[in-house]
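Asker: Chains W and D supply the protein sequences, listed in that same order. Counted from 1, the first sequence has number 113 at position 78 by the numbering used here; the numbering is strictly sequential. Counted from 1, the second sequence has number 1509 at position 276 by the numbering used here; the numbering is strictly sequential.
Some hints could be false.
What the hints assert, rightly or not - Once the Cα atoms are required to be at most 27 angstroms apart in a straight line, the calculated DSS-like pairs of lysine-lysine come out as:
id, chain 1, residue 1, chain 2, residue 2
1, W, K184, D, K1518
2, D, K1518, W, K183
3, D, K1410, W, K184
In short, the hints are calculated from the structure, not lab data.
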Amino acid sequence: MLHIDNPILEFKDVSVSYTPGKNAVNQVSASIERNKITAIMGPSGCGKSTLLRAVNRMHELYPDIRITGEILIDNQNILTMNPMEVRRIAGMVFQRPNPFPTMSIYENVIAGYSLNGIRLSKKEKDELVETNLKNVGLWDEVKDALLKKGTFLSGGQQQRLCIARALALKPEVLLMDEPTSALDPIATNRIEELLLELKKDYTIVIVTHNMGQAARISDYSMFMYLGQLVEYDETQVMFTNPADSRTEEYLSGQFG
Amino acid sequence: MIPDKSRSSSVSFRIFKDRFFYVCVCLMASLTAIPLIWIIWEVLKKGYRQINLSFFTEVAPTTLEAIKAKNAGDLIPGGIANGITGTLIMVVIASLIAIPIGILGGVYLSEHRNNRFSSLIRSLTDLLQGTPSIVVGIIVYFWVVKPLSSYSAVAGSVALAIMMLPLIIRSTEETLKMLPGTLKEAGLALGASYTSVVLRVLIPSAFGGLFTGILLAVSRVTGETAPLMLTALGASAVNWDITRPTSSVSLLIWQFYNDPNLVDMIWSSSLFLLVLILILNIIAKSVANKWRIQ
Chain W
36 MLHIDNPILE FKDVSVSYTP GKNAVNQVSA SIERNKITAI MGPSGCGKST LLRAVNRMHE
96 LYPDIRITGE ILIDNQNILT MNPMEVRRIA GMVFQRPNPF PTMSIYENVI AGYSLNGIRL
156 SKKEKDELVE TNLKNVGLWD EVKDALLKKG TFLSGGQQQR LCIARALALK PEVLLMDEPT
216 SALDPIATNR IEELLLELKK DYTIVIVTHN MGQAARISDY SMFMYLGQLV EYDETQVMFT
276 NPADSRTEEY LSGQFG
Chain D
1234 MIPDKSRSSS VSFRIFKDRF FYVCVCLMAS LTAIPLIWII WEVLKKGYRQ INLSFFTEVA
1294 PTTLEAIKAK NAGDLIPGGI ANGITGTLIM VVIASLIAIP IGILGGVYLS EHRNNRFSSL
1354 IRSLTDLLQG TPSIVVGIIV YFWVVKPLSS YSAVAGSVAL AIMMLPLIIR STEETLKMLP
1414 GTLKEAGLAL GASYTSVVLR VLIPSAFGGL FTGILLAVSR VTGETAPLML TALGASAVNW
1474 DITRPTSSVS LLIWQFYNDP NLVDMIWSSS LFLLVLILIL NIIAKSVANK WRIQ
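So here's chain D without its partners, still in its complex pose:
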């Protein structure tokens, strides 16, 4: 007779294994939190002293000003106004380019789920999302900077828009896919045209998801540096002319890093960027919660 083994495994050993596994899961989860918390702590600790009114209103200091201040025992003077305005201009223009294209592209993908063209677009979008940002910068350098023979905010915006596009397209597609099909039918059944059903029924109903996707895309490119180095270049003054070289907060961080006398400014600028992105993410989350599709 075959011995009955159904009760032979030790229960206490299995309970131990279970607990051990659970502890491992918790441990790994907390390990991911450590670098995050550490970054925030470090940036806060080293950056908060530089943050005052002039940090937002004055342009980045020169090396000379920094050395003088250091010798006098003062904080480094100046701020990152040229970076803040540059980031603002470029993110706004990039959004103006990427939002309409991205949303309409997303509408196409959600409407045509299985045809060959849409699966091609979908794979290309994924590819674009994985493209190293420096490569995007190089492409835009040849597309925009060379023809205009100048580094400019426009070029920077185009690079950021390309980075934003796949994020907006895919989030639009996913959100629209979650809408019940009966909504579209309801609109069409009233004799409405496809255009007005998309623009006045589907997109408004998906507004929360679309808005969240856009905010996340914005927060994603706000801190981009590499593509801007080859397109916007940077500027030492506040510049509102979008055809001329322009700075951004992330470009300033890179400049501060390259100048040993300005190192203290890295932390305050990073703190600014982190807080900005954190706020964007919090808004995105609350909008997503408030406008959740019923």
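Isolated chain W, as found in the complex:
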């Protein structure tokens, strides 16, 4: 499979099980390249979200989940780190936009700091809010309404706000769990354009079950099926000349 020099994120024999003896993700090994977009795709239940959520230790919310293997970010095994630290270097954007309903747009952007008890001066806050809202292309739309609640925005705007909130903490990797599946095509399109912009500064791993999306925006693609990483290659190569027959069947719409 694909070899990448100097990867930012590495999976080494990663298995995740929800119930003992049944792996939802089975022995996945892969390296993710810096400042690229890597898409993880596959049919529902293939383990793609499970793999992604292992990276920022989201599984720890649920007591029965076991993770084995190693996940390295910058050569540090995040499975042995404190989950709170891990989550600061691996930001996450979820399927449904989830801005904090009691916070204003302004407060939402800097929520990562305020919830972690990091004190910022007014100037630092203003700067963070402006830079990150500009990064996600929301600044012009909301600059006069920064003190309004984030939940007043449209779905697509809310999702961009959530991306800004994750970016404000300057993560090493941005994990996205089907970030556009709850959005309309226009909002989806804006987010996709945004991701292409953002990869200059960030490494993005995006789970999607929209093949078109993977083809449009990703540099590398993984295809997962029944918990296994079936194929991992440059997106161009995988979509034009898949090596595995299962990948080909999936990409040609024979299942999924």
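With the hints as your guide, set chain D onto chain W.
Answerer: Chain D in isolation, oriented as in the chain W frame:
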């Protein structure tokens, strides 16, 4: 051949049955309203004359004062100031005790839905909610009144707090359960600690529901009498010392009932309590509507 019975039942009879059932439902609904309306009417009719400024500023009259006034053809003098202040003190202290315990307990229950400890707590909470209030009074008598060797507002507050606890715990639990799970994940995904996610994301987001639950618990215990008889006892003067016997509006009603000369005061005091509880309920409802979880 089997005769086709699919059309045999008389349609008009079925329509009649339907209407009859509907009338029964309406009738029963209005039957429940009758005692309520009747109580309000009775209390208003008999109580409004006693309500004036001195009703709120003066303490409860003695039998002698009441007899004198009656002979002179006047209204019974005095008011229920000692009861109002007592109720206020005890409800405030009870809330200070019950709100933090209740909310954090509710957080635990909503976070741990299926483990054995939480189902034990949940059943105990239900049991506590069903415990007769007089029993709570007796327990607190042995816990607080005996050791302090005095009836007191503190003891009354503890009894009220115990009555409030299950209501607050369960309403907190139910409200937090309605929050989308993604909210908690969003907080944790930013590297926030569990504590700050609970205190700064979950509880603020559930504020409306929590506040409503607290108000309903307050309105529920504001009129409690039985547990206070064994704990706060009552007092004839306004008392701000929480270690001494204290009155409450509900205790005053009980005293007025026991003195034939003071019977007129029952109605005005009841009117006061009813209006107070009605206001609390209206506030609770409007808060619940305004802060509904999106």
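Asker: Against this structure, judge whether each hint is valid.
Answerer: Comparing the hints with the structure gives:
{"no.": "1", "hint": "W/K184 / D/K1518", "verdict": "holds (23 angstroms)"}
{"no.": "2", "hint": "D/K1518 / W/K183", "verdict": "holds (25 angstroms)"}
{"no.": "3", "hint": "D/K1410 / W/K184", "verdict": "holds (22 angstroms)"}
The structure fails none of the hints (numbered hints given earlier).
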